[in-house]
Structure formats: structure tokens, C-alpha cells
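J.: Mind docking chain B on chain A? Use the hints.
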Amino acid sequence: MNSIFSGTRLRDMIRSIRACKTAAEERGVVRKECADIRASINENDPHDRHRNLAKLMFIHMLGYPTHFGQMECLKLIASPGFPEKRIGYLGLMLLLDERQEVLMLVTNSLKQDLNHTNQYVVGLALCALGNICSAEMARDLAPEVERLIQFRDPNIRKKAALCSTRIVRKVPDLAENFINAASSLLKEKHHGVLITGVQLCYELCTINDEALEYFRKKCTEGLIKTLRDITNSAYQPEYDVAGITDPFLHIRLLKLLRVLGHGDADASDLMTDILAQVATKTESNKNAGNAVLYECVETIMAIEDTSSLRVLAINILGRFLSNRDNNIRYVALNMLMKAIAFDDQAVQRHRVTILECVKDPDASIRKRALELVSLLVNENNVKQLTKELIDYLEISDEDFKEDLSAKICSIVEKFSPEKIWYIDQMLKVLSEAGKFVKDDVWHALIVVISNASELHGYTVRALYKAVLTYSEQETLVRVAIWCIGEYGDLLVNNVGMLGIEDPITVTESDAVDVVEDAITRHNSDMTTKAMALVALLKLSSRFPSISERIKDIIVKQKGSLLLEMQQRAIEFNSIVDRHKNIRSSLVERMPVLDEATFNVRRAGSLPASVSTMAKPSVSIPNGVAAAPLVDLLDLGSDDIMAAPSSSGADFLQDLLGVDLGSSSAQSGATPGPKAGADLLMDILSIGTPSPAQNNTSSIDLLSTAGINNNPSNALDTLSSPAPPHIATTASAGGMFDLLDGLSPSPSKEATNGPAYPPIVAYESSTLKIEFTFSKPSGNPQETNVQATFINLSPNTFTDFIFQAAVPKFLQLHLDPASSNTLPASGNITQNLRVTNSQHGKKSLVMRMRIGYKLNGKDVLEEGQINNFPRGL
Amino acid sequence: MGIRFILMVNKQGQTRLAQYYEWLTLEERRALEGEIVRKCLARNDQQIRFELMFEFLCSYAGVLAGWLALNEQCSFVEHRNYKIVYRRYASLFFMVGVDDDENELAILEFIHLLVETMDKHFGNVCELDIMFHLEKAHFMLEEMVMNGCIVETSKANILSPIQLMDKAH
Numbered sequence: 001m002n003s004i005f006s007g008t009r010l011r012d013m014i015r016s017i018r019a020c021k022t023a024a025e026e027r028g029v030v031r032k033e034c035a036d037i038r039a040s041i042n043e044n045d046p047h048d049r050h051r052n053l054a055k056l057m058f059i060h061m062l063g064y065p066t067h068f069g070q071m072e073c074l075k076l077i078a079s080p081g082f083p084e085k086r087i088g089y090l091g092l093m094l095l096l097d098e099r100q101e102v103l104m105l106v107t108n109s110l111k112q113d114l115n116h117t118n119q120y121v122v123g124l125a126l127c128a129l130g131n132i133c134s135a136e137m138a139r140d141l142a143p144e145v146e147r148l149i150q151f152r153d154p155n156i157r158k159k160a161a162l163c164s165t166r167i168v169r170k171v172p173d174l175a176e177n178f179i180n181a182a183s184s185l186l187k188e189k190h191h192g193v194l195i196t197g198v199q200l201c202y203e204l205c206t207i208n209d210e211a212l213e214y215f216r217k218k219c220t221e222g223l224i225k226t227l228r229d230i231t232n233s234a235y236q237p238e239y240d241v242a243g244i245t246d247p248f249l250h251i252r253l254l255k256l257l258r259v260l261g262h263g264d265a266d267a268s269d270l271m272t273d274i275l276a277q278v279a280t281k282t283e284s285n286k287n288a289g290n291a292v293l294y295e296c297v298e299t300i301m302a303i304e305d306t307s308s309l310r311v312l313a314i315n316i317l318g319r320f321l322s323n324r325d326n327n328i329r330y331v332a333l334n335m336l337m338k339a340i341a342f343d344d345q346a347v348q349r350h351r352v353t354i355l356e357c358v359k360d361p362d363a364s365i366r367k368r369a370l371e372l373v374s375l376l377v378n379e380n381n382v383k384q385l386t387k388e389l390i391d392y393l394e395i396s397d398e399d400f401k402e403d404l405s406a407k408i409c410s411i412v413e414k415f416s417p418e419k420i421w422y423i424d425q426m427l428k429v430l431s432e433a434g435k436f437v438k439d440d441v442w443h444a445l446i447v448v449i450s451n452a453s454e455l456h457g458y459t460v461r462a463l464y465k466a467v468l469t470y471s472e473q474e475t476l477v478r479v480a481i482w483c484i485g486e487y488g489d490l491l492v493n494n495v496g497m498l499g500i501e502d503p504i505t506v507t508e509s510d511a512v513d514v515v516e517d518a519i520t521r522h523n524s525d526m527t528t529k530a531m532a533l534v535a536l537l538k539l540s541s542r543f544p545s546i547s548e549r550i551k552d553i554i555v556k557q558k559g560s561l562l563l564e565m566q567q568r569a570i571e572f573n574s575i576v577d578r579h580k581n582i583r584s585s586l587v588e589r590m591p592v593l594d595e596a597t598f599n600v601r602r603a604g605s606l607p608a609s610v611s612t613m614a615k616p617s618v619s620i621p622n623g624v625a626a627a628p629l630v631d632l633l634d635l636g637s638d639d640i641m642a643a644p645s646s647s648g649a650d651f652l653q654d655l656l657g658v659d660l661g662s663s664s665a666q667s668g669a670t671p672g673p674k675a676g677a678d679l680l681m682d683i684l685s686i687g688t689p690s691p692a693q694n695n696t697s698s699i700d701l702l703s704t705a706g707i708n709n710n711p712s713n714a715l716d717t718l719s720s721p722a723p724p725h726i727a728t729t730a731s732a733g734g735m736f737d738l739l740d741g742l743s744p745s746p747s748k749e750a751t752n753g754p755a756y757p758p759i760v761a762y763e764s765s766t767l768k769i770e771f772t773f774s775k776p777s778g779n780p781q782e783t784n785v786q787a788t789f790i791n792l793s794p795n796t797f798t799d800f801i802f803q804a805a806v807p808k809f810l811q812l813h814l815d816p817a818s819s820n821t822l823p824a825s826g827n828i829t830q831n832l833r834v835t836n837s838q839h840g841k842k843s844l845v846m847r848m849r850i851g852y853k854l855n856g857k858d859v860l861e862e863g864q865i866n867n868f869p870r871g872l
Numbered sequence: 001m002g003i004r005f006i007l008m009v010n011k012q013g014q015t016r017l018a019q020y021y022e023w024l025t026l027e028e029r030r031a032l033e034g035e036i037v038r039k040c041l042a043r044n045d046q047q048i049r050f051e052l053m054f055e056f057l058c059s060y061a062g063v064l065a066g067w068l069a070l071n072e073q074c075s076f077v078e079h080r081n082y083k084i085v086y087r088r089y090a091s092l093f094f095m096v097g098v099d100d101d102e103n104e105l106a107i108l109e110f111i112h113l114l115v116e117t118m119d120k121h122f123g124n125v126c127e128l129d130i131m132f133h134l135e136k137a138h139f140m141l142e143e144m145v146m147n148g149c150i151v152e153t154s155k156a157n158i159l160s161p162i163q164l165m166d167k168a169h
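Chains as they are written, first to last, in UniProt numbering: chain A, 1 to 872; chain B, 1 to 169.
Since the hints were made in silico from the structure, they are not lab data. Misleading hints may appear alongside valid ones.
[Said to hold, decoys possible] Computed beta-carbon distance windows for the label pairs: (1) R30/B <-> A35/A: 15 to 25 Å; (2) H133/B <-> Q112/A: 24 to 34 Å; (3) G13/B <-> K217/A: 48 to 58 Å; (4) E862/A <-> R30/B: 31 to 41 Å; (5) A31/B <-> S793/A: 37 to 47 Å; (6) A31/B <-> K438/A: 20 to 30 Å; (7) H133/B <-> P65/A: 17 to 27 Å; (8) H133/B <-> R38/A: 24 to 34 Å; (9) H133/B <-> N855/A: 48 to 58 Å; (10) K387/A <-> G13/B: 51 to 61 Å; (11) L105/A <-> F132/B: 51 to 61 Å; (12) H133/B <-> D173/A: 33 to 43 Å; (13) A31/B <-> K338/A: 27 to 37 Å; (14) K111/A <-> H133/B: 23 to 33 Å.
Predicted model only: the values in this text are computed from it and were never measured. Glycine included, C-beta positions come from ideal geometry on N, C-alpha and C.
Just chain A, same shape as in the assembly (with noise of 0.2 Å):
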């Protein structure tokens, strides 16, 4: 029988693997073995393949692949003994799935044997049929299973159930097939088919709503009857956890009376009674009754309002949560979380223990109470709250800063009651836990900051005293040094002092102490540095006594590595050197940013709207939803750096659009020179609501130099007339080129080229499909699309997709579009780029294809585009 590749015994191998000292041996022996096992399968030795399988499913659970065993699978099950049916079923259902081809081959050999006359060869069939079937096995075999639930045997017909709940499950049609056998599986006293036909008709229940109105009319009474046998019923040793009959049974009962009870009156009124039973009765010293009581809880909370039994579920949870075991005071705050839903008031009463919780050894329960901490706050406790929380976060784990401080920030910017509260707060976590404060954080604080003028002087002096003593948090550190370099002025001469300041003294050269600090310190990043060295150029304006050292500092930065940081530092150099007429407009303080702009883009949910762009709100989608204040506040961040022309650079164009147009007017107009100073005041759009206005560049100069354009060589090759001058400078790109290679605006546009009619791309009687062209300057091959779906029915297409094929010369990208939700005749944008390899010679061609829901069925629509206008 032992051929010579019959190779080791299962128990040898698995002696070997254990044996193994590190993870290179152990792949080593399962390698070995596994061209053993290989080896014996071509051998075709019937008496291998039992041990074939048996290796096999032990190298499976190691983590290592095994699909050349698949097929040893279904010979076994093909097989006609009961030992290697057995081994061949196990092997099914761990090695292979239900998305295999291979899979399609069993099904035959499992008809076969659900029709078996041994009953454990059918348990076999249906015990694997339940954990893998796929769609069209559910379909096939369903009427097969459909009669195994009335077998005679309660071991198939349990099995049989569960089976039956996959089926339905993957074919939801076949519901109805299965409501009569399930409610006649409720009548049973054998627990094993009791629990699975409650299973089945708990997820019949959740598929099908004439199965929820049926079982709800004809089974409310029998299960809650049922209920009420089990726990009243006399000790049954097979059954009994701690006193309790099958707690599992009860479980999956009050799991399945709270689908019945939930949205009707009459069936939560029915099991009122039995409910308030349990509650009380259940013991609860154990896991087990506690089990119990828990899901009880549940089941009184989501039937219709009875509200003695609620007051009932709410004093177990307070029992719960203070209870001396982690488990209990776990589920006991996740169960609260639900209550707050309807009974806000009995949950605020916990509140000190839960604050406690906020504060315990064990993460997950801190994570828990966290969350229900944050449902807890109101306007009329959020201040008492947060001092909790944030004294906490004063001692609190390393790792769990970062979710606390998350949590801290969503709380006070939610219901603060006023903005000095709220800046006092960021502060104080920027303080403890800047280093783990996300990027949207500090830019929200930075806007607050900026609308609120009255408290300027304030918080940068309340920023100045902080960053001294917590210089190591980063985020704190660049708020400060923004906050010093717009305000520093306010910070010197402790103007707009509040009533509950202490006077401080601080001097011009103690301010850019600070940001000198920053900018040398070693660990600072690049974001932080370049924050630092725009704050300088804008405090070489305000302390003109002292703008020699800063001057220093900033030509020592001509030395940074960094070559963003070096190319800043010679513009800014020269604009304290050459440019003093000019320097105060061009550092005058940043325009109050717009709140209500900034939280559309950090919501990055809806579509911006262009407002300088000639068409008036033409929608963009917003693709990159981080993007546009990372632009405004970052300062050249490398992402930006790689790709000038990104869809950031529209958004930051966009957002400064609409900024301007409120500020050009307080901005105040300085007379440049001569030569081409309406120019510069067009960049600087100082004062005319002129195209311009929409052009990056100004912005940059404005804020923070953030794209890697190189706005102020174009200052300097206007300003002074004489053209050697360009060429000394780094980058000597003529004005215009730097101009045209930012983002595509239509007036500009109409200058570079031909512009290209909007085309339908596609029209059928409930979708039509726009498309509109632009070429970003620079690159002809490349055409950006954007593509407008119009809704022409009268329905909303759910789940919207649209993909598109090009042939192989050209190269195609899609952005995301504005939604995957197309309301009746609404309609979603989507923005293309598609390179042309070929252009001149070829014009463009698509195939496309556009998925959605329509009513929750699928629609797929296809279609080729031929008519894209030529020389694209």
C-alpha cells in the first residue's frame, strides 16, 4: 500500500513542524512536505489522499497555499465511504470558497448526497452546503433542503435550517419557500432545531417583509409562550449554564422578539410580560444570566415604548455598570449608547461613572466610554466635560492621547458656547497632545482665530506664554508662530488686553525669539520651518527696529537643504532688501478666512463652487477632499511641490476667490513702480475685481508661498525695468510662463487655443452625458473632460458608477465622482484626463459603461463616444 512518495505520517509531520526554531525552517519542512503531498497526487493512490488532506488542512491553518489540494477534495467527497466523505467535506469548507470555479464541481456530488440514505452522510452534505454555498448552489439545491427541514431525524432538520438561512440569505427570492417549514420549526421542543429555526426565522425576518408580517401575526404568541417554558423550566443538566437553560436559546428567542416587537404596537404589547419576567427574574451573578439580561435589555429598548419596562432596562444597566467585572461594565456601555437614543436624561445620570470609565486601565473600556462621553455632551455640561476630559489627557496613556484629543477637539468645536472658550481649549490640548492633533484641527483653529478680531491680541499672547513651555508640540508650535507672524504687533504691544489677562512684557526680539526657535530647531518639519520663515518676513514689516536680525536668520536659511526652504529665503531676502516700498502691502495681514468656505471643504462633501470663474458656480467635484486648506495654511508641502497644477491648487484658487473679493478693499492700494504696476496690483489684486483675481500667484505671495512657482521672481522682474536682473535670479522664468502654468482659468484659455465645444457624449431615455473640454496649457496631448450626468427619469439612480476604456495610445484618468447618488433629474460631475500619445493623428475614442440601482435593481448602460471634436 506505502508507495515510495507516501513520504511522512501526519503525525510526524506535525511533530517536525513543531520542532521547527524559526519561521525559515518551518517554510522549509512545509515545503518538503507539500511536493510530497504533490507527488502523491499524481501518484493517484486513493489510500494517500485521507492523509493528503489531513497535511493539508494543517499547512492551511500555518497560512501557507494549498489550491493544488482542491481537487483531492471532491475525489474524496466523490468517494462512497463515510470516513473520507467526511475528511473531503472538512477540506471543502476550509480550503476552498465559495468564489472558485472548482466549486461548481461539487455540486452534483452534493445532490447525491442530500438524497443519501445514511442521515450523517446528508449531515455531511448539508453541514457543508451551509458554510459555502454560493448563489447558484442556494438555487439548485434549495428544494432538497427545503425538504430535509421536515426530515424525521432533529439532527438533519437543525442542520437543514441553518442551511436554509445561507440560501435565503443568497438568494433572497427563495424567502417565501422557506416561511411555512420555519414556522413549523417553532413548534419544536428539540432545542437544537428550535434555536436554528428561530435563527432562520430571525433572518427571514430581516429580508423579507411580508415573512415579518406573517410571523408577526402567527408566531408572536407561540414564541413568546416558548420562552416562557425555558425559563421556567426544571433543571435539565444538558442544558443548564449556572441556573440558566440554554442562555443561548433564550438569547437567539429575545433576539428574534425584537425584530416582531420593533414598529408594532400590538406584538411589543404581547410580550410585555414575559419581558419584564426575564428582567427581573434572570439571575444575574453569573455570565450566563447576565448574557441574558443583557439581550433582554436590548429587546425592551427597541420594541415600542412601554415605559415601565424601559425604567426596568435602564436600572440593570446602571447595576451593570457598576459592576465590579470589566465584561459587564463593557457591554453596559455600549448598551447605553443605544439608550441615549430615546431616554437621554436616565443616561446623564451615569455620567460620573462613565467619566470614570473615560479613565480606566483597560483600553477598550476607555474606548467605549469615550464614545458614549461624546453622545453625552450638551451645550449645559460640555464646559464641566471638558475640563475632565482634558485634565485627563494631561495623564493619560501615550497611546490613547491621540483618540482622546480627537474626541476633545470634535466636542469643543461642536457646542462651544463661545470663541474665547474654544481657543482656550484647543490651546490647552494643543498644549498636552499637539503632536497627535490631525491636520484639520489646527487649520479649523487658525480660521476661528482669524474671525475672531476682538481676540487676536489675546490668543497670541495666550500662544506666545504656551509654546514657551511646550515647545515640542509641533502643531502648538505652528499655530504660534502663524498667530506671531499676523499678529505680532498685538503680541508687543498688548493691544485689545482683556479684562482676565496678566500684563506681560514682551519684547520685538523675544517674539522672533520664538520663531528663530522654530525654524533651527532640528526635529521642526518642513511644514513647521516654512510656517516660520513666512512669519519673519511678515515681522521684518511690523518690527522695523529689529529687521536686520531677521534678516539673518533668514539669509542663513539660503544654506537649508531643503531646496523649497532655500528658495524662499533668497525671495524673501530680496524683498526685505530691495523691496521696502512695497513690503508692508505685500505682508499685510492674511484676509479673515472664510468659516463657512472651510467647513464645505472639510466636510469635503460638497462640490465647490468657483466664483470668479466666468460661468458663475460652475461645480468642480471635489476630488482631493484634504486638499484645499492644506494648500492656504501648509506651506509648500511636498505634495504640492510634485504637482504644481494638482486640483489643490484650483481649490486654494477658489477659496482666496471668494476671500478676496470681501478684503480688496481694506487691503488699500501702495503705488508700485511704474513699469507694469498695473500688473503687479493685478497679481497682488489689490484693489481690482479683475480676472486676475482668480490667479494663484497673489495668493501665494499673500499667505504663504506655497506653490512652487515663483511669484516673487516675477515681483522682481517687474519692479525693476532692467533685464540683466532677470537673469541673476534662480528661476528666470518670464512672468507669463509662470502665470500659465498654474491652474486653467477660461480667460486665459481663450488665448492659448482653439477652445472645444461641450459635446452629448451619450443620451438614452433616462441618462444623458455631457462632456466639456479644456487643455491645461503646457501639454496639448492632455484634455481634461469634464463629464456631467444628467438624470432624465423621474427615479434616483442609486450607486452610480461610470467606467471608461480608451484604446492603447491613449492613457486615461478618472477622478472620483461628486457622488455615487444621482437624484431625478439632478445631476453628478466627473473630471477625466486623458493623454493623447497620438495627437494630431488620432482623435480621441471611448468606450464606456455606466452602472446604478434603479428601484434596487441593476441597470448597466453601454456606449462608445465617436464624436469628440477633432485635434483633441
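T.: Just chain B, lined up with the frame of chain A:
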């Protein structure tokens, strides 16, 4: 569905049994097991340190220590979009991944039932029993859980087909 997977892992973090009720690729499984095991074992390390401290305290404080309740870490860990309910028996961790709306306490009870059942069959079950009788352990599990749902809660009913097979051999 309820139960997504059942894992048995030893103290060193080696998987000893893995049963999934949803399809994951091999790579996903390895990654998942690695993450979960790391998380749970790390929690347990804290626990063990605490226990040692506790024993130390007991040896000095004597009777008084009897008053102190051992503040055990809870048995639930949230991971990605599901919860892991785990329990340690001697050198073996039993970990069950469940959906968010599953009753955690009941799963804990289920783990205990699983261990009791294995105990009854193997007699004081240990890691090696499961390693060397992997298929038997799977057969038991098969009788208890199907498609992520509990099928049978009576130990006698669970074990009878397995004992029947043993006799036939």
C-alpha cells in the same frame, strides 16, 4: 451572521486552529491573525504583570488582599469593523470574531461551552490534543457552529456523531 471566525492560538502567538465563516484570502488571514494575536496577547501581558503584582501584594497583605477584587481586563477587543471576544485557558487563547451587534457575553459563554465539549472528548484538553487531532476539533466545531450561527448547545448531541465514528474505526 454573527460569528465571523474562530481562532485558537497559543501563548507564543502560533495559530493552532482557524475556522473562518467569511471568505478571506490567505494574505488577509495571515495579516488579520497577526494583528489580532498581537493585540490580545499584549493586553494579556499587562494582565499577567498585574497578576504578579497582585500575588506579591497578597503575600504581604495576607487577609486584606482577599478584599481586593482582581480587576481583570475585559475580554473584548474592537478590531476593524468587528469585535474579538477572547478567553484564555491555560496556554491557549480562544478568540472569536463577531459582528458588532452580537451579544459579547453570550459568545464568552459559547467559548466556555466549546472548551467544555473538547474537555469532555479529549479529557483535559490541551494544545497538543488540538494540534494532533485537528480534524476532530473541526468536526466538533462543525457540530456547534454552521455558517456563523450556533447549531447545538448540548454537549452530548455535539459529541455523539464523533463518538459514533470513533467506534466504527
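J.: Hints first: check each against the structure and report whether it holds.
T.: Hints, one by one, checked against the model:
| no. | hint | result |
| --- | --- | --- |
| 1 | R30/B <-> A35/A: 15 to 25 Å | holds, 22 Å |
| 2 | H133/B <-> Q112/A: 24 to 34 Å | holds, 29 Å |
| 3 | G13/B <-> K217/A: 48 to 58 Å | holds, 52 Å |
| 4 | E862/A <-> R30/B: 31 to 41 Å | holds, 39 Å |
| 5 | A31/B <-> S793/A: 37 to 47 Å | holds, 43 Å |
| 6 | A31/B <-> K438/A: 20 to 30 Å | holds, 25 Å |
| 7 | H133/B <-> P65/A: 17 to 27 Å | holds, 24 Å |
| 8 | H133/B <-> R38/A: 24 to 34 Å | holds, 25 Å |
| 9 | H133/B <-> N855/A: 48 to 58 Å | holds, 53 Å |
| 10 | K387/A <-> G13/B: 51 to 61 Å | violated, 42 Å |
| 11 | L105/A <-> F132/B: 51 to 61 Å | violated, 32 Å |
| 12 | H133/B <-> D173/A: 33 to 43 Å | holds, 42 Å |
| 13 | A31/B <-> K338/A: 27 to 37 Å | holds, 32 Å |
| 14 | K111/A <-> H133/B: 23 to 33 Å | holds, 31 Å |
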